[in-house]
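Novice: Using the sequences and the hints given, assemble the complete structure.
There are 4 protein chains.
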Amino acid sequence: MILFNCDYNEGAHPSVLKKLAQTNLEQAPGYGADPYCRAAAKQIAQACHAPQADIHFLCGGTQTNLTVIAACLRPYQCVISAESGHINVHETGAIESTGHRIHTLPAEQGKITAEQIERVCKNHWQDDNPEFAPQPKLVYLSFPTEYGTLYSKAELDAIRRTCDANNLFLFIDGARLGYGLQAPGNDVTLPDIAALADIFYIGGTKLGALLGEAVVITNQKLKKDFRYFMKQKGAILAKGRVLGLQFAALFENNLYFSLARQANQLALKIRQACEAAGLQIAYDSPTNQQFVIFPNTLLTKLEETYVFAHTRYLNKNETLIRICTSWATREEDVQQLVLDIQKYAGK
Amino acid sequence: MILFNCDYNEGAHPSVLKKLAQTNLEQAPGYGADPYCRAAAKQIAQACHAPQADIHFLCGGTQTNLTVIAACLRPYQCVISAESGHINVHETGAIESTGHRIHTLPAEQGKITAEQIERVCKNHWQDDNPEFAPQPKLVYLSFPTEYGTLYSKAELDAIRRTCDANNLFLFIDGARLGYGLQAPGNDVTLPDIAALADIFYIGGTKLGALLGEAVVITNQKLKKDFRYFMKQKGAILAKGRVLGLQFAALFENNLYFSLARQANQLALKIRQACEAAGLQIAYDSPTNQQFVIFPNTLLTKLEETYVFAHTRYLNKNETLIRICTSWATREEDVQQLVLDIQKYAGK
Amino acid sequence: MILFNCDYNEGAHPSVLKKLAQTNLEQAPGYGADPYCRAAAKQIAQACHAPQADIHFLCGGTQTNLTVIAACLRPYQCVISAESGHINVHETGAIESTGHRIHTLPAEQGKITAEQIERVCKNHWQDDNPEFAPQPKLVYLSFPTEYGTLYSKAELDAIRRTCDANNLFLFIDGARLGYGLQAPGNDVTLPDIAALADIFYIGGTKLGALLGEAVVITNQKLKKDFRYFMKQKGAILAKGRVLGLQFAALFENNLYFSLARQANQLALKIRQACEAAGLQIAYDSPTNQQFVIFPNTLLTKLEETYVFAHTRYLNKNETLIRICTSWATREEDVQQLVLDIQKYAGK
Amino acid sequence: MILFNCDYNEGAHPSVLKKLAQTNLEQAPGYGADPYCRAAAKQIAQACHAPQADIHFLCGGTQTNLTVIAACLRPYQCVISAESGHINVHETGAIESTGHRIHTLPAEQGKITAEQIERVCKNHWQDDNPEFAPQPKLVYLSFPTEYGTLYSKAELDAIRRTCDANNLFLFIDGARLGYGLQAPGNDVTLPDIAALADIFYIGGTKLGALLGEAVVITNQKLKKDFRYFMKQKGAILAKGRVLGLQFAALFENNLYFSLARQANQLALKIRQACEAAGLQIAYDSPTNQQFVIFPNTLLTKLEETYVFAHTRYLNKNETLIRICTSWATREEDVQQLVLDIQKYAGK
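Chains G, A, U and D supply the protein sequences, listed in that same order.
Okay, so the first sequence: first residue is 102 according to the numbering used here, each after it adds one.
Okay, so the second sequence: first residue is 102 according to the numbering used here, each after it adds one.
Okay, so the third sequence: first residue is 102 according to the numbering used here, each after it adds one.
Okay, so the fourth sequence: first residue is 102 according to the numbering used here, each after it adds one.
It should be emphasised that the hints constitute simulated quantities derived from the structure, not laboratory data.
Treat each hint with caution, since some may be false.
[Stated by the list, open to error] Computed list of lysine-lysine pairs in DSS-like fashion (alpha-carbon distance at most 25 angstroms, straight line): (1) U:Lys-402 / A:Lys-322; (2) D:Lys-402 / D:Lys-417; (3) G:Lys-402 / G:Lys-143; (4) D:Lys-119 / U:Lys-119; (5) D:Lys-324 / G:Lys-325; (6) D:Lys-322 / G:Lys-324; (7) D:Lys-143 / D:Lys-119.
Specialist: What follows is the structure, encoded as structure tokens:
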């Protein structure tokens with residue numbers, strides 16, 4: 102079987118493994134105080150044009166989300182998120198487990214708007230007893246979203262202005278950040294993200310690393326004592342070097358970005374094959390995740406060879422399918438899938 | 102500088118890296134559902150003589166402790182631990198962060214006794230209003246302890262009986278389990294641990310892996326829904342294979358145990374050199390961690406070449422030092438340290 | 102000004118105060134172990150036809166909701182509630198603060214259905230990775246709802262069957278239970294409530310007491326250690342007698358129920374006046390809360406004399422208003438309000 | 102039986118009940134926004150010489166402690182308390198339930214010292230990895246302590262200086278504050294308490310009220326959003342007037358203080374009788390709680406007529422007993438107890 106169901110089916114990019122092997126027996130201090138973490142942090146800060154940023158390396162997405170959000174909020178404050186946001190649909194209530202409500206908003210194409218956020222704040226503060234509801238204090242977005250879609254620079258600017266006007270922090274979940282930044286048509290840069298968000302992260306797990314997410318904190322208020330939060334949540338890795346080394350490899354020669362670009366191109370080929378076959382594209386994603394409505398007959402046929410993610414059961418005849426490429430997707434597998442879609446879709 | 106301060110200064114045993122490299126581009130499902138995790142779980146269950154056990158792979162010690170303890174307790178219940186227990190001294194209140202009190206007991210040589218546990222329970226249940234104090238429900242021990250010491254089989258049997266008599270779970274933190282099991286004089290086996298504990302873990306991070314702890318659940322009551330706890334705490338790694346593969350490598354040909362034995366032997370050499378030099382050994386540890394009281398003059402001299410962990414500042418003239426070996430410690434480094442202790446201790 | 106905005110604008114029914122005064126200097130044990138609590142518990146158990154029920158007295162609604170829900174759930178489990186449920190709209194995230202998600206459902210007239218609950222469970226358990234979302238374990242309903250509406254016996258029966266089929270507990274928030282049970286057209290009795298719910302409470306604060314809610318636990322599984330939960334949440338009153346005495350007074354000669362009936366009748370008069378004046382009734386409430394859409398011109402006029410609760414700003418010209426009666430509402434005030442509605446509504 | 106076991110065996114001082122009765126049918130807004138709460142807050146602020154203080158009324162001690170402490174700390178911070186502190190021995194882990202460790206200190210006569218607190222802070226900040234332990238941020242004291250003893254003005258001044266030097270908040274639990282302030286030999290005034298603490302409370306439950314604790318916040322940083330904390334913890338009473346009215350009654354004509362003085366005098370009589378009978382006084386308490394070591398033979402005899410609290414089982418022959426007086430203790434009961442001690446102690 103060929104797996105297109107997600108972007109974490111393989112190990113790590115060979116450069117990553119190579120760096121781990123080369124440095125393997127060197128001794129280095131634990132808990133992220135090693136030279137590899139320091140070097141990777143420097144590379145990332147440079148790439149972000151944010152020399153003053155604090156950079157921390159964590160293991161995975163849920164861990165990062167719950168640690169960051171706990172660090173941004175007081176107990177009675179809530180985080181605003183798209184209903185389809187990862188923290189709301191795929192993390193077993195990890196945010197609530199730290200005591201906070203997720204204030205969800207209906208999302209168009211996985212995205213929320215400055216206007217929606219504004220309304221939440223207005224409703225809260227106009228109430229006679231605002232203290233009877235959780236106080237909005239943080240906006241959570243993903244770039245790209247759960248559906249592979251992207252916010253435009255103008256949309257993010259508007260959200261930032263709303264955050265400023267309402268004293269909210271902005272946290273951008275970048276589990277797939279590279280795929281978003283390298284997408285055709287995207288007008289947002291990594292320095293833009295760093296300038297717009299108070300805190301965000303650059304995902305390694307889904308883009309070339311064995312594991313690892315790099316949290317970037319640009320807002321001075323959120324820097325203090327962040328490592329206490331990490332340690333309390335079990336998010337300081339003893340061998341922090343394992344994370345630092347991987348990000349060092351990924352940020353050498355723009356590897357992180359070229360891997361993303363290549364994955365996006367392969368995803369686009371699949372999308373074009375689906376469109377040519379008359380299949381409906383559910384979300385307008387220019388990134389490595391494509392959401393396509395498949396007739397079940399076609400799906401059954403293809404699933405003899407390929408694995409996809411079943412996102413939603415639409416009706417008796419159709420299913421919403423996610424097809425992912427990644428840094429590790431092989432061109433020949435995509436070529437075969439394209440041919441098979443052409444071959445079976447007509448029937 | 103040569104680092105003897107802890108047992109996680111290097112990467113992973115070469116067999117571990119090799120396995121990661123060999124399988125790197127194979128596709129496998131995420132979240133621990135891959136064949137490598139399954140194989141490693143089988144190897145571990147066999148080594149434990151516990152074919153019915155559930156095995157889960159997590160990333161690090163604090164994460165494992167907080168996940169396991171949360172899974173064992175209802176909100177008003179507490180965990181009993183030595184005052185010197187890792188959860189009490191080195192995890193930023195991670196247990197309290199999940200809502201639970203640690204009921205600490207003074208510990209002799211890092212160990213607590215069945216009698217102490219019994220007394221806690223008796224005091225609780227004899228009170229007129231037991232519900233005004235957290236209810237004891239779980240015993241947390243480390244094998245070896247924070248000071249490298251070991252419980253005897255008889256001591257663990259007594260604790261188990263106390264747990265049974267008082268309806269308590271027993272959780273054994275095995276972050277350094279291999280070092281304990283392979284220690285000279287130890288009379289406890291891995292199957293003993295599996296039979297005595299309701300839940301325990303086998304530490305990889307400190308014994309040959311890049312990261313990873315294998316939780317073994319033998320009590321049926323604790324198996325249900327454990328993965329919900331893991332996910333909620335951010336403790337399900339997307340690329341679970343990274344953990345499974347490492348444990349598979351470590352449990353091939355007893356690698357885990359032979360690495361531990363070798364580290365213990367090197368630690369013993371250091372201990373003997375310290376004793377021969379008239380230094381006081383603070384804890385009776387037969388494992389890879391040695392706790393020695395150093396005159397500061399000697400310490401200063403040695404610290405030109407070596408790094409140790411400063412465990413406690415005893416007085417103006419003396420410091421309690423931890424010296425660690427590990428699977429990665431080089432014999433020649435130990436030899437040199439031994440010579441330097443001989444050389445400088447006399448002065 | 103005459104207050105119709107809520108049902109807790111006055112102190113307590115005179116019988117309640119009298120009982121407090123009569124027993125004031127008698128000595129009694131604290132924490133609910135007094136004879137008054139015991140007597141009240143017996144009266145309540147009898148009224149419920151539930152002699153085996155455990156009865157506990159708490160201070161207020163939010164406190165009761167958070168204590169009960171924490172006692173019903175493990176950390177990864179969630180509670181299902183109407184979006185308009187009190188725990189979701191008026192308690193500052195108290196439930197999330199104890200670590201649990203509220204799984205909200207859109208509510209028709211403040212009510213949710215067995216079918217909706219069934220679908221939540223089916224969606225959860227059919228997912229390939231159910232452990233990636235909070236596990237449904239508890240249904241929270243109010244009787245009456247936030248909008249004064251009532252579930253029919255058939256609706257509650259259906260919900261109970263769904264709970265049984267899906268291994269869910271059912272918790273009924275009865276902050277205004279008396280008003281519901283005494284409403285015209287209601288076909289649910291107190292013994293029905295006790296038989297249907299696993300745990301529920303009878304509200305005193307809004308029906309004759311200074312403060313106090315009586316929790317009734319009929320499910321054996323939820324009885325154990327409930328007082329630990331209460332104490333940990335600060336919900337055991339030192340002078341428990343204060344609560345026991347009030348419920349003893351309210352359950353003498355059915356006072357609780359006759360007060361409710363009278364308040365409902367006064368509310369109905371107001372409703373009829375509104376209907377007669379052509380105002381739109383927003384929810385079909387036969388209880389002491391009436392939700393009416395007021396033209397702002399009329400509202401402004403009436404608010405020279407009366408205080409109402411502004412439930413929602415509908416548009417430039419209209420506001421959704423809550424008008425409450427209570428055990429303490431004076432007939433002459435209602436009469437005057439009715440006349441004023443007649444007088445000003447035409448304009 | 103005559104109860105001397107605690108100070109909450111009766112209802113409320115008649116002035117309190119009278120005020121509740123007189124205002125019973127007046128309408129007033131809920132949640133503490135009523136004129137009675139406002140008036141009581143003003144009286145209290147005046148008595149504290151703290152016109153800028155924020156005053157909030159809560160129901161009971163545990164509720165107040167958990168709400169205040171949650172409001173003072175970030176998730177990774179801990180509260181320093183005497184081992185014998187109420188939050189550590191009598192609240193079912195309520196503080197840990199909100200996520201925080203209690204850093205306990207051994208207490209002499211129930212009291213901790215500035216030096217002990219200083220050492221905790223020094224140890225924390227001198228560690229190489231302070232973020233691996235909870236960060237000290239708050240000191241919790243009781244005035245009087247659990248053993249009825251008092252801090253001197255000089256002791257409190259020293260603690261305040263230590264708090265300032267280490268950036269700690271100081272929270273004083275005044276569940277029995279009146280008894281402490283009115284004790285013979287006490288040199289601390291209510292304005293002193295208000296000037297020394299960042300936040301403290303004045304206990305009503307144990308000194309004349311049915312229930313109620315008045316929180317006084319003098320530190321500007323702790324004022325913001327305190328009501329969110331209250332609501333989230335279920336600590337805003339719907340009929341807030343019930344609390345405001347009681348404090349208004351207690352702070353009229355210094356009733357609160359004269360009741361305390363009288364209770365202290367009665368306690369002193371009991372203490373003198375015990376001393377005269379050769380019994381050992383365990384703690385040097387000038388307040389309404391007396392801790393006396395009783396031979397079990399004497400105890401058994403007295404317990405035919407009186408109820409005491411058994412604080413600790415010392416040995417086969419002796420028990421540590423708490424004897425409480427209160428605002429409601431009758432002089433004739435004390436007189437009889439004194440006579441019975443004289444009568445039976447000799448035997």
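Novice: Name the hints, by number, that the structure is in violation of.
Specialist: 1 and 3
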